[in-house]
Amino acid sequence: MRKFLFAGVATAMTLLALAPEAKAQTKQLTLCWAAWDPANALVELSKDFTAKSGIAMKFEFVPWTSFADRFLNELNSKGKLCDVLIGDSQWIGGSAENGHYVKLNEFFDKNGIKMSDFMPATVTGYSEWPKNTPNYYALPAMGDAVGWTYRKDWFAKPELRKEFKQKHGRELAPPKTLAELKEIAQFFQGRVIDGKTVYGAYIYTERGSEGITMGVTNALYGYGFAYDNPKKPYQMQGVVNSPDAVKGLEFYKSLYDCCTAPGMTNAYMQEGLDAFKSGQVAMQMNWFAFFPGLYKDPNVGGEKIGFFANPAGPKGRYTQLGGQGMSVVAYSEHRDDALNYLKWFAQPDVQKRWWALGGYSCHKAVLNDPSFPKSAPFAQDFLTSMGMVKDFWAEPSYAQLLLSMQKRVHDYVVAGKGTAKEALDALVIDWEKVFKEDGKI
Amino acid sequence: MSENTVPLTIVEHAVRATPEAVARRVRGLSDRAIAWLFISPTILLLLAINIFPLAWTIRLSFTNFRANRPNAKILGLGIANYVSVLTDPDVWAAMQSTAHFLFWTILLQTLIGFSLAWLVDRRFRGHGFWTTVILVPMMLSPAVVGNFWTFLYQPQIGLWNYAVQFLTGVPAASFSMIGSVKLAPWAIVVVDTWMWTPYVMLICLAGLRSIPGYIYEAAEVDRASRWRQFWTITLPMALPFIMLAVLFRGIENFKMFDMVNLLTNGGPGSTTEVASITLKREAFEKWRTGYSSAFAIILFVTVFGLANIYVKALNRVKSR
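First to last, the sequence lines map onto chains A and B.
The first sequence begins at 17 in the working numbering and counts up one residue at a time.
The second sequence begins at 55 in the working numbering and counts up one residue at a time.
This is chain A alone, in the form it adopts within the complex:
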């Protein structure tokens, strides 16, 4: 008897261990994104979708440090975890060419979703592959660009304003040019304010993923840097390492050397937020996505914080595009429901709520609304930035191109190896090798 009881229990436990998970009776979609404030806003917003469609939303959020690793692995292994994926803009090329994302043209046409309803820069940056062709693989979801915050209260101190005016002959105000930015940074560098030594600027220097590239391009673009010859695609010699590009890189290094806090040799988004919130720096470079949270910060927010778009360089005013598009994963078993989520998200009233909750809408109904510039202290700067964005390569080999730039720029700017010209010359060689392997040159 005991023998049978033991065998029965063992069999039951084995079956339980091997049995597949019981499938949920209710419909469910999984949305994958990075774990940050806008993702929390999307959770709140998505309750509306669930209420209207009856489809429950499950979310898979991963910290930025592991975001690319986690979800690119998921796509490459044809994983079924994600039905909807808000992937980085650089993934569009590889995901489109390798069949990870569903092409959305037919769906958009059938459901009256027009790309002309979204800001052109976001359509090009987040949705199209190849670029500047009407082939869409994502719906612009989260508009973003690099901007700046500054300590408005420090800028307002009468003694500092007087000293700055005497020294530079102009008012202490948000800079209009990169040269002015550096002057202001030098002015604050090492100064004691409220009993604490402060530093001029926080800029991106992160080595591991994309940080220093996302930072340096804000200087390079203004100096005339281009990724290739506009008349001859993938021709980079003399373009990437042009004399203007060299000056841009030298500027970024000079800003790093003169005006940053000690120890900021591998710093990206979170380190910038920490540096600014702890009152270490007068100006901080960071993504607009973080500005709502900074504005609400009890220590440095409210009246103490100001915002400005990336200043102009000698050859123009540009800023690095960030942001993501929302895609339907080709391996999803709930494709129709996922497409319905996109259809719901694209509605103008949903986009307005998205902005109100802290997401950055790309829809013209939101951005072109007359009340938009005054809807938040950073709204006008965001609008300005989205009109002057440039993006990194979105090729399928973008990761190799990005890692090469990370290495060459970090070697020069932070490690002080070689010259700016040598760094850019080496970068051209790296990039040419990648494109040769890809058969593009």
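Treat the hints as calculated values from the structure; they're not laboratory data.
For glycine and all other residues, C-beta sits at the position ideal for the given N, C-alpha and C.
Any given hint could be a false lead.
Covered, in the sense of this in silico footprint (three residues per stretch, anywhere, with C-beta under 8 Å from a C-beta of chain A), are these stretches of chain B [stated by the list, open to error]: (1) 199–212; (2) 231–245; (3) 315–322; (4) 354–366.
Each computed DSS-like pair below joins lysine-lysine, with the alpha-carbon atoms no more than 25 Å apart [claimed, not checked]: (5) 119(A) <-> 437(A); (6) 198(A) <-> 456(A); (7) 437(A) <-> 236(B); (8) 94(A) <-> 334(B); (9) 456(A) <-> 127(B); (10) 452(A) <-> 334(B); (11) 96(A) <-> 127(B).
Beta-carbon label-pair distances, calculated as ranges [to be verified]: (12) 103(B) <-> 278(A): 41 to 49 Å; (13) 103(B) <-> 75(A): 31 to 39 Å; (14) 95(B) <-> 251(A): 55 to 63 Å; (15) 346(A) <-> 191(B): 28 to 36 Å; (16) 313(A) <-> 237(B): 32 to 40 Å; (17) 133(B) <-> 130(A): 48 to 56 Å; (18) 191(B) <-> 75(A): 33 to 41 Å.
Since the structure of chain A is already known, use the hints to place chain B on it.
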């Protein structure tokens, strides 16, 4: 229970519980066959998670396969990937960083570990407590160690810089251990030494404690000095254990990844980019699967070859 019932052992329970059909089969098997039956699950597991991936990696190393392009045609490249790896200056730079890290960590851990073991072997009062305290760093996760040493090395708030300022007078904010090209390679050596010296200490302590006391007594009778005893008894007899510790630490540090990645990300620039970080970048960020497979095989052969030579030397020392 009756007076005649004898409690059954576990083996006897198992024998009685075995179904007759199974028992008949097993009775027909030889001892060797039964032994194979018991170890076959382990062998299958080893084949699945060790041997098969190794064979597959060797195969991929001769192709242009990229894991992020599953639909692309896979072409055979011969030894092109191997040539590419061996002629890549970035790979050689990474190997140089690895060699620097390996040499200094092994040297420092062996010297400090052996010294600590020798001190603990004196069995002073409280040596048990101090042994436990010394072992604490080894019990931490490398990821945690990498993370909090990042804070310890911060020029503005880190304890390390303040300690250096206190001892040497050099201002704390004037240098950055992980931000300086000259200091970053030493920064990772310091952290690894802090973490793994206790491990070397334990192995050396086992060696010291295995030396029979009568040998020292005989030496004292022969009026050998302390230094003579150390040089002719302690060191030679502990040498196999020291060499074993060096072997283990060498293999571990050759493939060091997590602590260095968290501490410096391979920076500043590529100053501390050790071989495993380069390999990870090639394999899982650039998705050059064929190339990184060739790199991994080269690293494996290097470690395997060096370890073989070393073990032969170790065996010779042990047999003396």
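Hints, one by one, checked against the model:
no.	hint	result
1	199–212	holds (count 5)
2	231–245	holds (count 3)
3	315–322	holds (count 6)
4	354–366	violated (count 0)
5	119(A) <-> 437(A)	41 Å, violated
6	198(A) <-> 456(A)	39 Å, violated
7	437(A) <-> 236(B)	23 Å, holds
8	94(A) <-> 334(B)	21 Å, holds
9	456(A) <-> 127(B)	17 Å, holds
10	452(A) <-> 334(B)	23 Å, holds
11	96(A) <-> 127(B)	24 Å, holds
12	103(B) <-> 278(A): 41 to 49 Å	46 Å, holds
13	103(B) <-> 75(A): 31 to 39 Å	32 Å, holds
14	95(B) <-> 251(A): 55 to 63 Å	59 Å, holds
15	346(A) <-> 191(B): 28 to 36 Å	48 Å, violated
16	313(A) <-> 237(B): 32 to 40 Å	34 Å, holds
17	133(B) <-> 130(A): 48 to 56 Å	53 Å, holds
18	191(B) <-> 75(A): 33 to 41 Å	38 Å, holds
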